[in-house]
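S.K.: Going down the list, the protein sequences come from chains A and B.
For the first sequence, position 157 matches number 156 in numbering that gives the first Met the number 0, and the numbering has no gaps at all.
For the second sequence, position 6 matches number 5 in numbering that gives the first Met the number 0, and the numbering has no gaps at all.
Just so you know, these hints were derived from the structure itself, not from any lab.
All the given hints hold, so there is nothing to weed out.
With a Cα cut of at most 27 Å, we get these calculated BS3-like pairs of lysine-lysine:
#1 253/A to 183/B
#2 253/A to 188/B
#3 161/A to 202/A
#4 194/B to 232/A
#5 253/A to 194/B
#6 188/B to 260/A
#7 260/A to 194/B
#8 183/B to 260/A
#9 363/A to 335/A
#10 194/B to 393/A
#11 176/A to 400/A
#12 188/B to 232/A
#13 232/A to 183/B
#14 393/A to 183/B
What follows is a list of derived Cβ distance ranges for each label pair:
#15 202/A to 319/B: 14 to 24 Å
#16 178/A to 319/B: 22 to 32 Å
#17 343/B to 98/A: 34 to 44 Å
#18 368/A to 184/B: 53 to 63 Å
#19 203/A to 343/B: 50 to 60 Å
#20 162/B to 386/A: 38 to 48 Å
#21 23/B to 98/A: 46 to 56 Å
#22 368/A to 31/B: 54 to 64 Å
#23 186/B to 186/A: 30 to 40 Å
Ideal placement from N, C-alpha and C gives every residue a C-beta, glycine not left out.
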Amino acid sequence: MKRSLFLFVGLFMFLAASIVFAAPPTDPLGVVTIKPGEPIHIAYWFVTAGSDSTLGIDTKRGVEIAIDDIKNNLLGHKIKFDGQDSGCNAEGGQAAATKLASDPTIVAAVGSNCSSEAKPGAPILWNAGIATVSPSNTAPYLTDPKRGPTYDGYLRTAHNDKVQGAVAADFAFKSLKVKKAATIHDGSVYAEQLANVFAETFKKNGGTIVAQEAVAPTDTDMKPVLTKIVTAKPEFIYYPIFVAAAGHITRQVKEVSGFEKVALMSADGAFSVDFYKAAGESAVGMYHSSPDFEAFGKVYEDFIQKHIKKYGEKTLAPFHAHAYDAANLIFKAIEKVAKQEKDGTLYIGRKALRDALYATKNMKGITGSINCNQYGDCADPRIAVYKTSPENVKTLVMPKKSFWKPY
Amino acid sequence: MPTKFQRWKERITATDIVMWFIGFALLVFIILGSILTLRAGRYTPVQWFDFVIYGLAQGSIYALVAMGYTLVYGVLRMINFAHSEVFMSGPFTAYYVAAYFYRSSLLESHPVICLIIVFIVSMTISTLIAFLLERIAYRPLRNAPRLIPLITAIGASFTLMYLFRGLYGTGFQAYPVWEIFSGKWALFKGLEIGKIQVFVIFAAALVMVALYLFIQRTRIGKAVRSVSEDKEAASLMGVDIDKTISVTFIIGGAAAGAAGVLYALVFKQVFFMMGFIPGIKAFTAAVLGGIGNIPGAMLGGLLLGLLESIGPALFLDGFNIAAPYQLKDAIAFLVLVLVLIFRPTGLLGERLAVKKA
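Bound conformation, chain A alone (with noise of 0.2 Å):
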């Protein structure tokens, strides 16, 4: 009796869910639905504390920028912009990826800025059926052909490090002329790839790889692991790590007798103001490989414009660019597939959410030309080395015009 009173109960429900929405869209991976009213929720995971803050700061304000430029209005929703702060290593990715995983509301979600953050946190996101784009991880790994079904959801609008180690390495080699480089890397999943494309690039281009060293990114003293470097004498050290620990090593290597005329060179990932306060006046005269803002154009000047005027300083970070790109990709696709009621109510179906994402080609982003292969890799990739002056330093500003270019 009561079977069948529930199952009367449910065909009825069924029936009556069917004339009120006429074709409820279906999605293997399940559908979003937003009422009236309701915001899209769109969730970072960036690094928003502790000494890589300003890498988070800067992609985050990229996607309020973004969110500005829409006037806050997306198929007549408001869109709800919160996150995690994802602290810049495995164990703070796991656990911010974890927790927006655990919130049914989120469409999509912009993040993680460090790729080991990415590495444990985009299949949990994916296993929730949340697509992620990342502005800022580049390491190789992520969107490797080999890399898995479980980064499916997975994607970036940085560039990948196989371009920028092999930038790194052809200005060492080919515009410092240097020929005898030494690495150091912080066993993050970031620093030690990137450390490696630029030592094959290097070796292929003809130099001497004397030394491939490794600290910990909470290592203080660096002098010990720099007197071991000194004694295999290189002309440059190439330590694409992140700011603190690129902080100590740029402080002591000058208190290294042996040091005086090295080349010191790093990447995006201290690519900071930060990293200025953390150098301070030592940073002056070392070289950072960064996305080239000069090839950004136009449109990237008015976002500058609209980033002072909306926090009253400059960019903080290389990868605010990247972040808004990041969010349109995101905007552009979630217009392609949500489905509307004619009172505003919006489906979005996860999997051709992603689908869409994957298939964007030829957006038009501040960064340069948006095309997603078909392993998440989106960016238009041009790498440029800054060099940074006393006035950067003083005024903890980043350097405007590019020292050295590939092309």
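Take the given structure of chain A and dock chain B to it, following the hints.
M.R.: Structure of chain B alone, referenced to chain A:
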């Protein structure tokens, strides 16, 4: 009548044998690695000297912080995990004073006075935090089971950490450079020694000696020692236990505040989690030297600093292990394990073990 050997045989267990085996294996590994490295001759004597100086400078900071752990353990038999935040609070607060001096160019004209003021501010704040910590978090739990203050300490550690995060923000700040400490002094035959390292080693030694004399020679110091030996008996002899324990925290806090400024002078970056790693290292140093023993904490700190600086190059280079400095913590803790296998009470902890058994 069993012989000495028979009695020894009865006492020995399988675990002991395994531990000794592990210990000897580690010892052989370390000695072999050192011989191989030295025979390869990669480093010049000057570079070995540099390793030692770097190690001593880092080690003396560990030693100062370790004193706080060991003093508190001595009187309360608890590990004060919040001590790493005592270490952080002083220099993080004093940063704002230092930054003010830098901006107003007082730092340039009166560097020594500025330095003294920064030390005073840092030590005052650390002392205050340590004192309040004991008063608020530990004293009400003094007679609770031993695990409870331990958990409270962890809670207090997080509370303080995030309190300072709320106060000063999540980003880090960089200490200004004291020009008087930049550069090196040339000794003989190409030997050079960084001014800042010399200052750190001497300043730390000075603070340690002062604290040691305070504990050994003064009336209050005597009270601290008596409480650490036997709380009830000390109380019966008219020692004010509450006051003595407060004094212990104050001494430990002052040492941590001084250590914090030295740390900030060498490494420049201060932020709300800066105490975590040095705190763990200093705790390790205290255990290495024999927890509860003050000279032990000093010895343990210096030894740990030296191990971190020299260890990877000396022990691992000979085996051609890639990137040995990534393993410097592993080496430091390996040696801790080694010491605890052969001397479970730490290097100087023997008397303590008898006393407290």
